[in-house]
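S.K.: Please arrange chain W on chain P, whose structure you already have, making use of the hints.
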Amino acid sequence: MTNTKRFFGIMGIILIIGFLLMAGCTSEQKSAEKQPVNAYVAAGLKKPMDVVIAKYANETGITVTPNYGPSGGLYTQISQGQPCDLYYSADYALIEKLGKEGKVAESEKFMKEFVVMTVSKTGKAKGITKAADLTKENIVVAVADPSAPVGVYSDNVLKNLNLLDTLNAKGNIKTRPSTVNQVALMVQSDEVDAGFMYSSTAVLYKLDTVEKYGYDLSEEIIFGDAIIKGGNQAGAKAFRDYVRQNSVEFTQYGWEMYA
Amino acid sequence: MRKVSIWEVLFIPLFFFLIIFPILAILGNVTVEGMTLTFGDPVFWIAVRNTLITAFLAALLGVLLALGFGYFYIFHPGTVMYRIADFMNDLPIALPHTVAGLALLLAFGRNVMGFVGPTGLAFTLVAVILAMFFVSYPLAARTIASAAEEIDKELISVARKLGDSPPKAYRRGVIPLLDEAIFSAFVLGFSRSLSEFAAVIMFGGNVPGMTQVLASYVFTKVEEGEVSMAVTASAFCILLSLLLVLVLRMRGWSHARSAQSA
Numbered sequence: 000m001t002n003t004k005r006f007f008g009i010m011g012i013i014l015i016i017g018f019l020l021m022a023g024c025t026s027e028q029k030s031a032e033k034q035p036v037n038a039y040v041a042a043g044l045k046k047p048m049d050v051v052i053a054k055y056a057n058e059t060g061i062t063v064t065p066n067y068g069p070s071g072g073l074y075t076q077i078s079q080g081q082p083c084d085l086y087y088s089a090d091y092a093l094i095e096k097l098g099k100e101g102k103v104a105e106s107e108k109f110m111k112e113f114v115v116m117t118v119s120k121t122g123k124a125k126g127i128t129k130a131a132d133l134t135k136e137n138i139v140v141a142v143a144d145p146s147a148p149v150g151v152y153s154d155n156v157l158k159n160l161n162l163l164d165t166l167n168a169k170g171n172i173k174t175r176p177s178t179v180n181q182v183a184l185m186v187q188s189d190e191v192d193a194g195f196m197y198s199s200t201a202v203l204y205k206l207d208t209v210e211k212y213g214y215d216l217s218e219e220i221i222f223g224d225a226i227i228k229g230g231n232q233a234g235a236k237a238f239r240d241y242v243r244q245n246s247v248e249f250t251q252y253g254w255e256m257y258a
Numbered sequence: 000m001r002k003v004s005i006w007e008v009l010f011i012p013l014f015f016f017l018i019i020f021p022i023l024a025i026l027g028n029v030t031v032e033g034m035t036l037t038f039g040d041p042v043f044w045i046a047v048r049n050t051l052i053t054a055f056l057a058a059l060l061g062v063l064l065a066l067g068f069g070y071f072y073i074f075h076p077g078t079v080m081y082r083i084a085d086f087m088n089d090l091p092i093a094l095p096h097t098v099a100g101l102a103l104l105l106a107f108g109r110n111v112m113g114f115v116g117p118t119g120l121a122f123t124l125v126a127v128i129l130a131m132f133f134v135s136y137p138l139a140a141r142t143i144a145s146a147a148e149e150i151d152k153e154l155i156s157v158a159r160k161l162g163d164s165p166p167k168a169y170r171r172g173v174i175p176l177l178d179e180a181i182f183s184a185f186v187l188g189f190s191r192s193l194s195e196f197a198a199v200i201m202f203g204g205n206v207p208g209m210t211q212v213l214a215s216y217v218f219t220k221v222e223e224g225e226v227s228m229a230v231t232a233s234a235f236c237i238l239l240s241l242l243l244v245l246v247l248r249m250r251g252w253s254h255a256r257s258a259q260s261a
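Keeping their order, the protein sequence lines are chains P and W.
Numbered per numbering that gives the first Met the number 0, the first sequence spans residues 0 to 258.
Numbered per numbering that gives the first Met the number 0, the second sequence spans residues 0 to 261.
For the record, the hints were derived by calculation from the structure and aren't laboratory data.
Using N, Cα and C, we set each Cβ at its ideal position, and we do this for glycine too.
Keep in mind that a hint or two might mislead.
Computed list of chain P residues with no C-beta within reach of chain W, every gap over 10 Å [stated by the list, open to error]: (1) K99; (2) N161; (3) L206; (4) Q232; (5) Y252.
Mimicking SDA-like on lysine to any residue, the simulated pairs with C-alpha atoms at most 20 Å apart in a straight line are [unchecked claim]: (6) K120/P x G224/W; (7) K211/P x D154/P; (8) K135/P x D89/W; (9) K46/P x V202/P; (10) K120/P x F114/W; (11) K54/P x E248/P; (12) K125/P x G116/W; (13) K236/P x D49/P; (14) K228/P x T75/P; (15) K96/P x G224/W; (16) K120/P x V226/W; (17) K125/P x M112/W; (18) K120/P x G116/W; (19) K111/P x E218/P.
Okay, chain W solo, but in the shape it has when bound:
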């Protein structure tokens, strides 16, 4: 018999009790009544549509910027810009999210961006994307940066010696190696975006049927005392995240297999 380490003894019960059990508690409390009420609510489906579109774009924008950060990390780690970015990257995580919402409102509201429309960028789906991006970008940036750290510096210097410019070396030599990290960064960003509501309510508008997303729908239902609807919507959220991770993992597997056979 193999020796069971202290980590296994600690991890297995704690993981199931502290992480899996609460999720199952939500799924276990879904009722037929809650399902008919929620799935019959047209506002719910608009919130689902809004969430899918905005969280997807927010995660995409997050990965794009994170790759930019990775570029600085590899090619210009000595520059002032890199130091500023590295120092400020995690700030949005530390900020209470209503403050984040207020910050975005003051920065992109009509007093600054009034030329865009009657409310500036605020209270639109674009605002929702920006709010989600604001809170999820740090996760994407950290993921990409820690993967970039693993890349063989030799490889980059060879590419550079062969005459590739840094952007070309980055695009052809580095980004393909970051495959797995880009995938993780996207999933993390998407999931974080799904769950964000404080900044989204403050800056995005939270008008049902217009700018409301799933997380703020759930929040509103909890506060209204519509617990059965809140539980159903949350369960839907959980299944949505699971589905997304599953689909992207499967893509990753088939990718890995084809790479192996090649």
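Bound conformation, chain P alone:
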């Protein structure tokens, strides 16, 4: 009996201390320039962004906390009011959508991306060199789910080449993973013959690119950045400019700067 009482007593004290600590954290004033930046970043940018963030922390002592995820999911989080200072989206339309909701202080087009088709070891052996080869018998194709922007772009390419209906009818599209990285993993581990992804993803995973598609087929694919209202806007702006100065970290993976 006394044991349970003591247990609740201790738990109560821990709870109170916890609340005090949390309150302390939020009310603590850091100097304006050194405030950390919350960056929501499209998952595809992870590798170069991690490098830039580490460099930035070294040079300025400012922490940038990245939250990597699918652009659409990040959009929903920001739109629902989760604290974010800077947003990098793989789809500029999402930034325009946020802008209409009055969340964006400032935004710009950042980089150009392209859809490519990559083949695996087996795919290569089957002689796949162009998208039209995918309609042959017994070909296993991975196209990202349309819930990811890359899935929509890939669908556009196949639609504009008049291949999508045939592929669906034949059932050659065997899998629709939810992210571009999953497509890349499947090609890399030779579980599929061919997969559609961004050119940067293909470089990152060291895959065999056999075809690259222009904007006439895929539609424009523009990565954008947006400074979100209500948070650490100055810090976000400083980091965004720093990212631009270090664009070579990104272009080495096959992205092209927008301007």
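M.R.: This is chain W only, laid out in the frame that chain P set:
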């Protein structure tokens, strides 16, 4: 007036606020527009059919294996096999589910199981069942094991002395007593299977109209921004689980009543 314990004071508001309220929030957000869009979508109905078949079979497979684990638990708790199983049982719960999907893909994909078909077992409804089973089996195994723990050891030793072999004693003496646990294990496994999408997307294929299930349908609709359709499909999922629990409970009640009157 009876004394109200601290547990009641804590439980009732917290349960309603943290568990019931979010579920009601989904049901409350169902719109007519979302319903017409979703119920008019043939892909949705194929996802429903796929879900019912695969989750049912995954839960069945889970209970079957869990009963095997229970057998080891009762008759061979000292063996190496039992220790390995006991130690590894909960691993699938701790694994992030995209990792589970990747693990299944690498294990049952065409590089290993290529003789089965052009994609191995991956990207088929069988893959969906395996993915659901992989994440739901630990729950079934724990349920059966903790019920087996309650069984009177005397009873088993009597059956053994009467000349029953362990399998026979297990089938005739133990399994009937596990009735309630088997039921819980099945419901838990089925519900867990209903809700799984990460492993299912990665390994099952997620092709709309072919291998897509309800959970990945909902996930896809949320990411596409089709929130009204996602909400409707989720509400459908909730009602489906409720219905299942209700049907199985009713079976349990009538069973209990007939046992009482006998």
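S.K.: Next step is simple, just say for each hint if it's right about the structure.
M.R.: Tested hints:
1. K99: Answer for K99/P: holds, closest chain W Cβ roughly 13 Å.
2. N161: holds (20 Å)
3. L206: holds (16 Å)
4. Q232: holds (26 Å)
5. Y252: The claim stands: Y252/P keeps its Cβ more than 10 Å from every Cβ of chain W (closest is about 23 Å).
6. K120/P x G224/W: violated (36 Å)
7. K211/P x D154/P: Holds, because 14 Å separates the two Cα atoms, which is no more than 20 Å.
8. K135/P x D89/W: At roughly 43 Å apart (the allowed maximum being 20 Å), D89/W and K135/P break the hint.
9. K46/P x V202/P: Holds - the C-alpha atoms of V202/P and K46/P are around 12 Å apart, at most 20 Å.
10. K120/P x F114/W: holds (18 Å)
11. K54/P x E248/P: holds (11 Å)
12. K125/P x G116/W: Measuring from Cα to Cα gives roughly 16 Å; hence the hint holds.
13. K236/P x D49/P: holds (18 Å)
14. K228/P x T75/P: holds (15 Å)
15. K96/P x G224/W: Holds: K96/P and G224/W sit about 11 Å apart, inside 20 Å.
16. K120/P x V226/W: Judged against 20 Å, a Cα distance of about 40 Å means the pair is violated.
17. K125/P x M112/W: Holds, at roughly 19 Å.
18. K120/P x G116/W: Status holds; Cα separation ~18 Å.
19. K111/P x E218/P: holds (11 Å)
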